[in-house]
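Novice: So the sequence lines, in the order shown, correspond to chains A and B. Going by our numbering, the first sequence opens with residue 2, and the numbers climb by one from there. Going by our numbering, the second sequence opens with residue 99, and the numbers climb by one from there.
Hints were generated in silico from the structure; no laboratory data involved. Note that the coordinates shown come from a computational prediction; the quantities given were computed from them, not determined experimentally. All residues carry an ideal CB built from backbone N, CA and C; glycine is no exception. Among the clues, some could well be false.
To give an idea of the chain A side of the interface with chain B (calculated C-beta under 10 Å), a few residues [as the list claims (entries may be wrong)]:
no., residue
1, A5
2, W8
3, F57
4, W70
5, V73
6, V126
7, L136
8, A137
9, A157
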Amino acid sequence: MNRAQSWLLLYLLTVVGITFVHQPGWLAAGLGLALLAAGPARWRLLTRAVLALLLFNVSVSLAYALVAWWQVRPVADVLLLMNLRVLLLVFLGFWLVDRIKLLEALAGWPLLAMIATLAIGQVAVYRRLLDDFRLAFRSRNPVSPTPVDLLRHAGAQGGALLDKSLHSADQVAQAMRSRGAFDA
Amino acid sequence: MHIPDGFLSPQTYLPAWGLAGVAWAWAGRGLARRLDETLVPRLAMLTALAYALGLVMLPLPGGTSGHALGVAVLALIFGVRLAFLAYSGVLLLQALLFGAGGITALGVNALALGLVGALVAVAVRRLFAVAGDSIAVALAAFISLQVSALLVALLLGIQPTIARREDGTPLFFPLGPEITVPAVLLPHLLIGIGEAALTVFVWRHARRKGWVSA
């Protein structure tokens, strides 16, 4: 087991353990401990975690607050427990990814590691291509485009995206073939 | 419509992880022989598409998010087993890199979205094959999304019943199925139309390229 896998195992055990804790005080203490242990990256990771769950948890919290108010049920304790737990779990996930190389941690599962490698590579290809198309479209349209223009652009972009992506993945697969990745 | 971390009780996610483990073993059996330099680029391309689709999400008060999945297109082109594995990889990446979904919820999300979504898509396409290729593919994508959404809504909705304190206050996700089912399903009726259109678009592209037979 390499270092990344040890961290992954520790993370998994911690995450499961956290879901058996039902006292907001303990969860807050756990979050405080994790923040201390995360070192200089703590505020960046905390901001990322809060932003990742903000919209989502706010919508659930508001919905529950409304229902609980209607049914005259306790609100604060439930919301504190739920939001602290979610924040701690998301923070730990981001901390893990910040600390280890994900592909190293997946090394024990070759198929998963391969799919992850290819998907991460493809995501980068998509991002570059979408940026290119967006900038080209903007430069061709000094005035606001019509809905028909937008639709035509989206169709062309979609087709090009698939072709370019396939070409890129094909090159990766050929490289993998030349290195014996598909040999039985 | 991933379920995030922290909303599912261990009574739900631990058995789901066990079940997903069995399903992953089944899906992965003999797969290495199928993967070659022809299949892998196509799989990578559509897996990345599913990954991108999953990140454009709208939070729903029912405790999850609304977005297209891309599972149906994976299942229709590559089959259930490969689609399930690829989508599980997508869920893992989204959970770790973006905090979308989560590790504890991975088993439930993989089963509800990846496995059930793929199975329903393939079954519906076969069922409606006589209606014509594009209609069958569109229905497969639409219905598979709705079934997955319903499953996710029900799993969230049972949390206040199966995990609560003695006084009845919920320990995990606090809203019941009377809220989660409409809150999750109604937006997905609209999202399903987009998913169906996208699936037909990619399916036609795949057919033009000769990846699938009509």
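Novice: Is the interface hint satisfied for A5 (chain A)? The criterion is a beta-carbon contact with chain B at less than 10 Å.
Specialist: violated, 12 Å
Novice: Under the criterion of a CB-CB separation shorter than 10 Å, is A137 (chain A) in contact with chain B as hinted?
Specialist: violated, 19 Å
Novice: Under the criterion of a CB-CB separation shorter than 10 Å, is W8 (chain A) in contact with chain B as hinted?
Specialist: Violated, about 12 Å.
Novice: Measuring from the C-beta of F57 (chain A) to each C-beta in chain B, is the shortest one below 10 Å?
Specialist: holds, 4 Å
Novice: For the hint on W70 (chain A), does the least C-beta distance to chain B fall short of 10 Å?
Specialist: violated, 13 Å
Novice: Quick one, is the V73 (chain A) hint okay against chain B at 10 Å, beta carbons?
Specialist: This interface hint is violated because 12 Å lies over the 10 Å limit.
Novice: Let's test the interface hint: is any C-beta of chain B closer than 10 Å to that of A157 (chain A)?
Specialist: Hint violated; A157 (chain A) Cβ to chain B Cβ min 12 Å, cut 10 Å.
Novice: Restraint: V126 (chain A) near chain B, CB-CB cut 10 Å. Satisfied or not?
Specialist: Holds - the Cβ of V126 (chain A) comes within 10 Å of chain B, reaching about 8 Å at its closest.
Novice: L136 (chain A) was flagged as interface toward chain B. Is the shortest Cβ-Cβ separation under 10 Å?
Specialist: Violated, because the Cβ-Cβ distance from L136 (chain A) to chain B comes to roughly 18 Å (cut-off 10 Å).
In this structure, the earlier hints numbered 1, 2, 4, 5, 7, 8 and 9 are contradicted, and the remaining ones agree with it.
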